[in-house]
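**Q** Each chain, written out:
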Amino acid sequence: DGGITQSPKYLFRKEGQNVTLSCEQNLNHDAMYWYRQDPGQGLRLIYYSQIVNDFQKGDIAEGYSVSREKKESFPLTVTSAQKNPTAFYLCASTPGQLREKLFFGSGTQLSVL
Amino acid sequence: SQKIEQNSEALNIQEGKTATLTCNYTNYSPAYLQWYRQDPGRGPVFLLLIRENEKEKRKERLKVTFDTTLKQSLFHITASQPADSATYLCALVLNQGGKLIFGQGTELSVKP
Numbered sequence: 001d002g003g004i005t006q007s008p009k010y011l012f013r014k015e016g017q018n019v020t021l022s023c024e025q026n027l028n029h030d031a032m033y034w035y036r037q038d039p040g041q042g043l044r045l046i047y048y049s050q051i052v053n054d055f056q057k058g059d060i061a062e063g064y065s066v067s068r069e070k071k072e073s074f075p076l077t078v079t080s081a082q083k084n085p086t087a088f089y090l091c092a093s094t095p096g097q098l099r100e101k102l103f104f105g106s107g108t109q110l111s112v113l
Numbered sequence: 001s002q003k004i005e006q007n008s009e010a011l012n013i014q015e016g017k018t019a020t021l022t023c024n025y026t027n028y029s030p031a032y033l034q035w036y037r038q039d040p041g042r043g044p045v046f047l048l049l050i051r052e053n054e055k056e057k058r059k060e061r062l063k064v065t066f067d068t069t070l071k072q073s074l075f076h077i078t079a080s081q082p083a084d085s086a087t088y089l090c091a092l093v094l095n096q097g098g099k100l101i102f103g104q105g106t107e108l109s110v111k112p
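In order, the protein sequence lines correspond to chains L and F. Following this note's numbering, the numbering of the first sequence begins with 1 at its first residue and continues without gaps. Following this note's numbering, the numbering of the second sequence begins with 1 at its first residue and continues without gaps.
Hints are computed from structural coordinates only; laboratory data are not their basis. Beta carbons are placed, not taken as given, at the ideal position from N, Cα and C, and that holds for glycine. Any given hint could be a false lead.
Said to hold, decoys possible - Pulled from the structure, derived: some chain L residues nowhere near chain F, Cβ distances all over 12 Å:
1) Gln-17
2) Asp-54
3) Thr-79
4) Ser-80
5) Thr-94
6) Gln-97
What the hints assert, rightly or not - Under the rule of at most 30 Å between Cα atoms (straight-line distance), these lysine-lysine pairs were calculated in the DSSO-like manner:
7) L:Lys-101 with F:Lys-63
8) F:Lys-3 with L:Lys-101
9) F:Lys-99 with F:Lys-59
10) L:Lys-57 with L:Lys-9
Said to hold, decoys possible - A short list of chain L residues far from chain F (calculated; beta carbon distances all over 10 Å):
11) Ser-7
12) Asp-30
13) Ala-81
14) Gln-109
Kindly generate the complete structure, drawing on both the sequences and the hints.
**A** And the structure:
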């Protein structure tokens with residue numbers, strides 16, 4: 001079955017620690033996205049990548065970093081500079097640049113210890 | 001200011017009734033609007049897309065309307081079932097730059 005796989009489902013971060021969230025897709029989609037979801041708020045775009053080896057900052061990129069070394073993989077690192085990292089993180093993809101239909105993974109809940 | 005708003009209060013309805021969810025926006029120029037369903041602890045799932053020149057779109061028990069004059073989209077689920085209980089998100093794709101803006105979602109609960 002084609003889809004997007006996010007791991008882990010739950011992640012705990014200690015203060016001062018960097019953590020990496022995994023996102024893998026086998027849909028052969030060019031574009032991939034990372035969103036953050038907080039209770040009572042709409043999804044907010046962190047980073048996106050429209051092609052391998054290229055990515056752009058979204059609306060709330062500070063304290064996060066990404067890489068896109070392979071078409072199917074788009075990992076997100078939450079650095080120690082992100083002071084309020086507790087949130088539900090969602091990875092998504094689209095076939096091309098048009099955001100007509102996003103395919104989402106099942107999310108990673110990140111909490112601070 | 002620009003904003004997109006959905007009813008923040010949960011919508012509770014009886015099984016078999018029609019559920020109507022609202023998505024309002026201000027100061028955006030959307031190319032099209034999307035609706036997604038999200039279950040607790042899961043990622044959103046795409047349901048429907050309606051373009052700015054379309055008034056209405058249907059898919060099985062779902063109907064979406066889009067009024068660019070009122071700056072509003074209505075999402076209807078007819079003959080609702082308990083399995084329809086979830087949070088529903090609307091999202092605008094803007095004409096300029098193709099940016100995607102999500103509403104905060106409305107929780108729907110259908111009681112048997």
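**Q** Does each hint fit the structure? Answer for all of them.
**A** Quick rundown of the hints versus the structure:
| no. | hint | verdict |
| --- | --- | --- |
| 1 | Gln-17 | holds (24 Å) |
| 2 | Asp-54 | holds (16 Å) |
| 3 | Thr-79 | holds (23 Å) |
| 4 | Ser-80 | holds (26 Å) |
| 5 | Thr-94 | violated (10 Å) |
| 6 | Gln-97 | violated (7 Å) |
| 7 | L:Lys-101 with F:Lys-63 | holds (17 Å) |
| 8 | F:Lys-3 with L:Lys-101 | holds (21 Å) |
| 9 | F:Lys-99 with F:Lys-59 | holds (25 Å) |
| 10 | L:Lys-57 with L:Lys-9 | holds (24 Å) |
| 11 | Ser-7 | holds (13 Å) |
| 12 | Asp-30 | holds (14 Å) |
| 13 | Ala-81 | holds (25 Å) |
| 14 | Gln-109 | violated (7 Å) |
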